[in-house]
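4 protein chains.
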Amino acid sequence: MRKLRMGMVGGGIGSFIGDVHRKAAGIDGMIDLVCGAFSSSAEKSRQSGKALYLPEERCYADFEEMILAEKQLPLGERMDFIAITTPNYLHYAPAKMALENGFHVVCDKPMTLSIEQAQDLVSVVEQTGLLFALTHNYTAHPMVVQAKAMTANGDFGKIRKIQVQYLQGWMSSAVENNESPKDFWRIDPAKSGLGGAIGDIGTHAENLTEFITGLRITELAADLGRFGQGRILDDDGNILLRMENGAKGTMSFSQIAAGEENNLSIRIYGEKGSLEWHQENPNELITRWLDEPKKIFTPNGNGLYPEAALLSRIPAGHPEGYLEAFASVYRGFAHHLMLILAGETMGSSHYPTVYDGLRGLQFINAAVKSDSNNAAWTKLE
Amino acid sequence: MRKLRMGMVGGGIGSFIGDVHRKAAGIDGMIDLVCGAFSSSAEKSRQSGKALYLPEERCYADFEEMILAEKQLPLGERMDFIAITTPNYLHYAPAKMALENGFHVVCDKPMTLSIEQAQDLVSVVEQTGLLFALTHNYTAHPMVVQAKAMTANGDFGKIRKIQVQYLQGWMSSAVENNESPKDFWRIDPAKSGLGGAIGDIGTHAENLTEFITGLRITELAADLGRFGQGRILDDDGNILLRMENGAKGTMSFSQIAAGEENNLSIRIYGEKGSLEWHQENPNELITRWLDEPKKIFTPNGNGLYPEAALLSRIPAGHPEGYLEAFASVYRGFAHHLMLILAGETMGSSHYPTVYDGLRGLQFINAAVKSDSNNAAWTKLE
Amino acid sequence: MRKLRMGMVGGGIGSFIGDVHRKAAGIDGMIDLVCGAFSSSAEKSRQSGKALYLPEERCYADFEEMILAEKQLPLGERMDFIAITTPNYLHYAPAKMALENGFHVVCDKPMTLSIEQAQDLVSVVEQTGLLFALTHNYTAHPMVVQAKAMTANGDFGKIRKIQVQYLQGWMSSAVENNESPKDFWRIDPAKSGLGGAIGDIGTHAENLTEFITGLRITELAADLGRFGQGRILDDDGNILLRMENGAKGTMSFSQIAAGEENNLSIRIYGEKGSLEWHQENPNELITRWLDEPKKIFTPNGNGLYPEAALLSRIPAGHPEGYLEAFASVYRGFAHHLMLILAGETMGSSHYPTVYDGLRGLQFINAAVKSDSNNAAWTKLE
Amino acid sequence: MRKLRMGMVGGGIGSFIGDVHRKAAGIDGMIDLVCGAFSSSAEKSRQSGKALYLPEERCYADFEEMILAEKQLPLGERMDFIAITTPNYLHYAPAKMALENGFHVVCDKPMTLSIEQAQDLVSVVEQTGLLFALTHNYTAHPMVVQAKAMTANGDFGKIRKIQVQYLQGWMSSAVENNESPKDFWRIDPAKSGLGGAIGDIGTHAENLTEFITGLRITELAADLGRFGQGRILDDDGNILLRMENGAKGTMSFSQIAAGEENNLSIRIYGEKGSLEWHQENPNELITRWLDEPKKIFTPNGNGLYPEAALLSRIPAGHPEGYLEAFASVYRGFAHHLMLILAGETMGSSHYPTVYDGLRGLQFINAAVKSDSNNAAWTKLE
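The listed protein sequences correspond, in order, to chains A, B, C and D. Letter 298 of the first sequence, counting from 1, is numbered 298 in my numbering, and no numbers are missing. Letter 225 of the second sequence, counting from 1, is numbered 225 in my numbering, and no numbers are missing. Letter 352 of the third sequence, counting from 1, is numbered 352 in my numbering, and no numbers are missing. Letter 31 of the fourth sequence, counting from 1, is numbered 31 in my numbering, and no numbers are missing.
Be careful, since some hints might not be right.
You can't tell identical chains apart in this list, so a pair holds if it fits in one copy or across any two.
Said to hold, decoys possible - In silico DSS-like pairs for lysine-lysine, Cα to Cα no more than 25 Å straight-line:
hint	residue 1	residue 2
1	96	369
2	44	71
3	44	3
4	50	3
5	295	148
6	158	295
7	96	71
Keep in mind that the hints were calculated from the coordinates and are not lab data.
Chain A extracted, bound-state conformation (with noise of 0.2 Å):
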């Protein structure tokens, strides 16, 4: 075997996510970054390429020269997959194009800006038969896995309520107002879609609600914020749900909860005990039972199921992190991708894909439906 060859869109130095992309394919050495198309301009995305050591005739000056020419190369030589970190309005294109030609995609996510963009994917993916990552990135921490797998072995029994909040504070403050345009797609819905935050981090919470609940959300009821002076899209959400099982519970996303870093976190209760949650103190598993003292799960630890076990790199009490999470799913797409290139086949894939992507939007699209109608009941797709 040998390692895989990544070619990214996006990502120039500077960019939060592209670093994040780069580093989290860099862990697990399966991977090479070997070519990009950084930046809108050519000349910044040469620069970004040699500033992370690749050779000028592989920095491109976009991704369709990148897609066309990459396919020129021999077998050998040529990129594996490609990475899409660009803003949201920047996925689908790349996205479509790379899957034409051949080539496999890790994308960041909302996958699209709408749903009829994501459904487009999901035709070209399921034509083609190549692989698609998303980059959902908090569903592979340990201790997450772990909810899943207790969750569903039943150890809580029937899930009854849910709460997962999703809370940011760095638009507390006029982001429009900045020197730096860095973030300004974040506020323009045509670079945006119809969400702002609530696509941004409202559907890592809705990802995360379905993943380890294995439920879905069938509707909402949805009363979104604009806080910000002149902000059009939403900076803060909060929701009603109701699951297939009959749960139910709320769900409330922020930018503007000033003072949060990133404080992603899930409480879900069953009939015999729960879980909680927290993204900013990933390594712990907090349950609470009927009969039995609180128990607290550590990845690596005791008790632990096989396929919590298994994602841990480093042994109990080594804390690991965003990064690692990232990797993971990284790495869970490079095992695929390699047993496919050995010609074998795998049951499931283990990393969220192109239908996670879809859902991600039929979220955004009932929630932004039921604001715009005083937060009435809206089912999801």
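Here the structure of chain A is known, so what remains is to put chains B, C and D in place on it, guided by the hints.
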């Protein structure tokens, strides 16, 4: 000055909340228990009184007997006030009769079964000019008062977002099947009122929210749950909140949150900072800021406003708990009553009153009405 | 039965520990304060008594007067016991005189200034057969009793390692320069004894260690610090411990640990598991295991031994604190005394006694001796 | 510039620490693994290399072969440095040979078996002028660097008291009976050196203490334990510390602290304030103050010194962990090496060096000597 004399309604031996009232009244050495109608049976009332070291002649068969008999005693002997610690449906009658016979009142919450009863008590209190304390104990924690003072002083800026929850798990299983009928009244609409969990604990969440923020809830959308088999009253609820100043929020409460003990928690976000407080660890007030590190305040610790510092009985680092906060309601009431007995006046009462009781009923009514209307937005009176 | 009658020595208005004793004695409704010699001046004592609603004739000028006068009162009126809440150097004389005149004693710690005095009190207690409670309050927390029970039941296996610390910061600056002389006695060897911080808080750490483990400290090597300018008594200390069963450990205490409030913490490691407890968050007992996840016990929560469950006054999730644990010492003492007054006997006392007081003096002496010998190993008597 | 080329000694597939070195070197995209002598058997080394996607010709039988063969390769191909990830007794020889053949070195700790070897490596490094990084990874956490910066800037005033502990439980049972011999070298004095746990983890505690405080330990009194049956080397220890400025402290370390995972924690007290840091929750620095509330700093959060802020790879609230801190040692080393390859110089190295390695051996020697002398005070060289 002399110690105040308390008569008790309800709270026979074995009662949780009656014992809490007695211990709370005893901590600060300002109040003596002198008589009681502790139980629905005269014999049980007498036994309870004996266990509490009371003389037999002041253990009464019922509250009517107690109020009338005590009224006949000389001024220097008779009780000054009654403490009502019975189930919800037995608050209104003794409160009204006590007031009408010249006794001040301390009453447990929710104050009455209906808004009409609540409004009537407001009238009687206003007509008689007697004192009426409602034991919303959680607002008397030093760190809750610090939270209120910081909010009132504008430390957090204009409030934008609220998250409040009150989670218990003790009704996860069918308490209806318990051998002991002690808690049966809680699931009986005739004895508990329109609300189940919302009356028992939701009103605490409502009171805490309005107390700290100084803001009124103007409308709400409530989705209540009845998860226990055959349960008529709610045992769970999720509510969207809108506040008078435009802030939004969620409230979640439950008595089927398996494994939770008594998790009342609140987070409040303003334009400049935010606060977080947990009843189960009440000696910490966590604050977050746009430009400064997280700061944690402690009772009698550094950086407190005077009104918070005044509430502590012991030095920083010596935890106070549930009973002490409960006792602070009694202490505030006792201070006020002593002033009045000494012929002085006090500007404002530092304890919850009959108006908090009325507010609680308004909240219950609005939530139950919203819920019966599929969580439609409903205004609070 | 009747309520017990307490006379108090020391604890005038403004005293921290006197007020603690009164509140602790008041919580459970078993004890009435009936008289006191509250201060070194007769006038101040009278004022304190008045503020405590006592009749003037039972506010005494000094403890000698109180003991002699109370002895003359009829049996149905006179105090049953005295509570000694004075500085260290004023424990011995009132304790001895009270016992010799037939009064039981509750005494603050450290019990006396010297081992000789401590041994003398042991003799007097043994000769008179009267009760003597020492207020080592921390051992009465439900989670400390759970820790002791688990250790005694072998849940953790043979104990191997101990870490105990008691850290305060209030003497970081020169309290010697304070305007108020209230704490001056603490830094005066004539009034405080051989030890400074070691007597004030080190004895709590020693008592907690031997209480939970059931093991005696057999030798120690103590390196005491005197960081405050011109301070004669220790304000800090680090000690190596060796226990009777071969376990080893460290103790660290300080009153110059800047920023610490009242951080008494202990960790105990056995062959099969370990425990951790923090006084500032006393309602959690953290346990760790070779083969199971971390388990956290809570007062009145799941999985407790009966002796721990019995100590809680209120349901799980309703935090109790410093005063309640202090009150449990009084409650244990009061139960014992009521039994005796009723002519019954009790197998063993559930509160610290004169022997704990003697042990504390042995510990202070050994540590001071070791320190004066450059931390040489020194045996405890 | 180009990526650096790393050759590895030890760290075959299945090795914990070898894998850590590879992942740490891979995160920041500055280093490629190009060759290795991964195992004591040539065949196993080849298999490990294959699993790491290396060409067969660069999987060597032993480090001697690797160093000599790589030296023959063209400058543009040969490795730049070796990473030594073998057991303790196999650090000295490859480090020395690599340096003498012109290769820079990254080495795991403790650096050597004896002080003499350590001093010899210091000489060789000084003679060759090559770089030598020691992977004391814990000092590269952003919050540890913040702690060092705050201390150096006098925020806490003069340091008075230190508490440091490193507690693990994995040797609680007889690892000697494990079927797998993987860890046998740790309990074999010939392979581990004079110290057991003190070398493995005690040196981390020593390094962390001197790093943050900037103070030297001048003397210590060490009471080591050997609790595992038949164990020759220490598996536990308690140490009194005296620092060059008069501060005092305790160190406690253990590998028989049942239930502990990897609990490295430190508390440092100055005249004006204090700090607390826990490796298992590394993204918090807790500080306490004489006159202000407790403040908690977070990576990339508010109020950091620049040297701490620089270390974070991702925004506040996105936890980094063990691997990232380890990677920061590699990153510091790689930056330095790239500068040198570019012909530039750097004032000071921002990573632990051969001198830290020598210091660790001095510490081990002093502690073992003190222990063999019944914990007598022993000076560090």
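Each hint tested on the structure:
{"no.": "1", "hint": "96 - 369", "in the structure": "neither (27 Å within a copy, 50 Å between copies)"}
{"no.": "2", "hint": "44 - 71", "in the structure": "within (23 Å within a copy, 38 Å between copies)"}
{"no.": "3", "hint": "44 - 3", "in the structure": "between (27 Å within a copy, 20 Å between copies)"}
{"no.": "4", "hint": "50 - 3", "in the structure": "both (21 Å within a copy, 11 Å between copies)"}
{"no.": "5", "hint": "295 - 148", "in the structure": "both (16 Å within a copy, 20 Å between copies)"}
{"no.": "6", "hint": "158 - 295", "in the structure": "both (19 Å within a copy, 23 Å between copies)"}
{"no.": "7", "hint": "96 - 71", "in the structure": "within (15 Å within a copy, 48 Å between copies)"}
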